[in-house]
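Trainee: The listed protein sequences derive, respectively, from chains W and U.
Residues 13 to 173 (this note's numbering) make up the first sequence, in order.
Residues 13 to 173 (this note's numbering) make up the second sequence, in order.
Derived by calculation from the structure, the hints in this document are not laboratory data.
Do not rely on the hints blindly, as some may be mistaken.
For chains that are exact copies, the list does not tell them apart, and a pair is met inside one copy or across any two.
[Stated by the list, open to error] Calculated lysine to aspartate or glutamate pairs in the EDC-like style (CA-CA distance at most 20 Å, straight line):
no.	residue 1	residue 2
1	Lys157	Glu91
2	Lys157	Asp63
3	Lys30	Asp169
4	Lys30	Glu46
5	Lys16	Glu81
6	Lys157	Glu83
7	Lys16	Glu52
8	Lys30	Glu76
9	Lys30	Asp63
There are 2 protein chains.
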Amino acid sequence: MSEKIAVETIGTIHSPFKRLEGMPVQSLGSRCAEGTVAVEQRFAEGLRDLDGFSHIYLIYVFHEARRAELEVVPYMDTEVRGVFATRSPLRPAHVGISVVELLNVAGNVLTVRGLDVLDGTPLIDIKPYIPQFDCWPNATCGWMKASRAEVERRRADDRFT
Amino acid sequence: MSEKIAVETIGTIHSPFKRLEGMPVQSLGSRCAEGTVAVEQRFAEGLRDLDGFSHIYLIYVFHEARRAELEVVPYMDTEVRGVFATRSPLRPAHVGISVVELLNVAGNVLTVRGLDVLDGTPLIDIKPYIPQFDCWPNATCGWMKASRAEVERRRADDRFT
Chain W
13 MSEKIAVETI GTIHSPFKRL EGMPVQSLGS RCAEGTVAVE QRFAEGLRDL
63 DGFSHIYLIY VFHEARRAEL EVVPYMDTEV RGVFATRSPL RPAHVGISVV
113 ELLNVAGNVL TVRGLDVLDG TPLIDIKPYI PQFDCWPNAT CGWMKASRAE
163 VERRRADDRF T
Chain U
13 MSEKIAVETI GTIHSPFKRL EGMPVQSLGS RCAEGTVAVE QRFAEGLRDL
63 DGFSHIYLIY VFHEARRAEL EVVPYMDTEV RGVFATRSPL RPAHVGISVV
113 ELLNVAGNVL TVRGLDVLDG TPLIDIKPYI PQFDCWPNAT CGWMKASRAE
163 VERRRADDRF T
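Between the sequences and the hints, there should be enough to build the whole structure, so can you do that?
Mentor: And the structure:
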């Protein structure tokens, strides 16, 4: 049953983070970390009207993740959890999503704030963040008890390298 | 520069929707549409602790999308927009995300509510929805002016088939 699916990459994310250790663990922790998203020229037309959105999803590949682990201790916890109940990069598909703030669109290059990914990350997709679909303020979240302030302070270590 | 990346699939989404026409265009429009997510047995261990979360992201492949279109008229609009400023399935990577309500976890099968995907959709990943990271109530959203009620009422047609 299992199979791999070939997914198109559309560009590259350029961030200030050259290595995982010390990186913010979510975009909350990097509100000041600006970077750029270079979309391949042949897809630039698809960016039309994106500049009306204050926030966007970036969907990308954890390209430095070399393995999958079905159970992990997340950065924001001290206990072992199933990987699908965490945002660990060591998931079977090695696919990540981040909501970042969109500052500017110039041709095929976006400037964004709140990056929590490594420099050189391959980009799969960009989607507009639409609060009507995407914001569920009353969602409950199991083991994840940390406040926004705690998430902002937390930095990555070497557990997922 | 361009390349495709091979991404692992981890299971299959089973929904009430056998064809695109008439399907809700977002999970808002299918609050009553329940379905199941069958994760492959070999990944079941990764679901541990997921049941503490009321909402989850499903990341999947638009398996019926046969082409990409860089400019589309979205369901919730009447004008042509760049595909990355929409949630159209006809995007280069054919990857979709939905936030759904998690009702139950039994072994390797999740029961969820709010599906807006076709039956048989290949699943790439499951992530917990964590409001501290994922909820941006003040995000502004360009062309997308529809209220939650309008999104709930809207149904897909054949424009993306």
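Trainee: Taking the hints in turn, state whether each one holds.
Mentor: To see whether the hints hold, each was checked on the structure:
In this homomeric assembly, Lys157 and Glu91 come within 20 Å of each other (Cα to Cα) only inside a single copy, at 12 Å, whereas the closest approach across copies is 42 Å. With identical chains, the CA atoms of Lys157 and Asp63 are at most 20 Å apart between copies only, with a shortest distance of 15 Å across copies and 34 Å within one. Only within a single protomer do Lys30 and Asp169 lie at most 20 Å apart by alpha-carbon distance; the minimum there is 13 Å, versus 45 Å between protomers. Proximity of Lys30 to Glu46 under the C-alpha cut-off of 20 Å is restricted to the intra-copy arrangement: shortest distance 14 Å within a copy versus 43 Å between copies.
In this assembly of identical chains, Lys16 and Glu81 lie within 20 Å of each other by CA distance solely inside one copy; the values are 18 Å within and 24 Å between copies. Taking CA atoms no more than 20 Å apart as the test, Lys157 paired with Glu83 passes inside one copy only; the shortest distance there is 19 Å, against 41 Å between copies. Proximity of Lys16 and Glu52 under a CA criterion of 20 Å is satisfied inter-copy only: 13 Å between copies versus 24 Å inside one chain copy. When the C-alpha separation of Lys30 and Glu76 is checked against a cutoff of 20 Å, the pair qualifies only within one copy, where the shortest distance is 11 Å, while the shortest distance between copies is 38 Å.
Within a single copy, Lys30 and Asp63 get their C-alpha atoms no closer than 28 Å, and across copies no closer than 35 Å, so neither meets the 20 Å cut-off.
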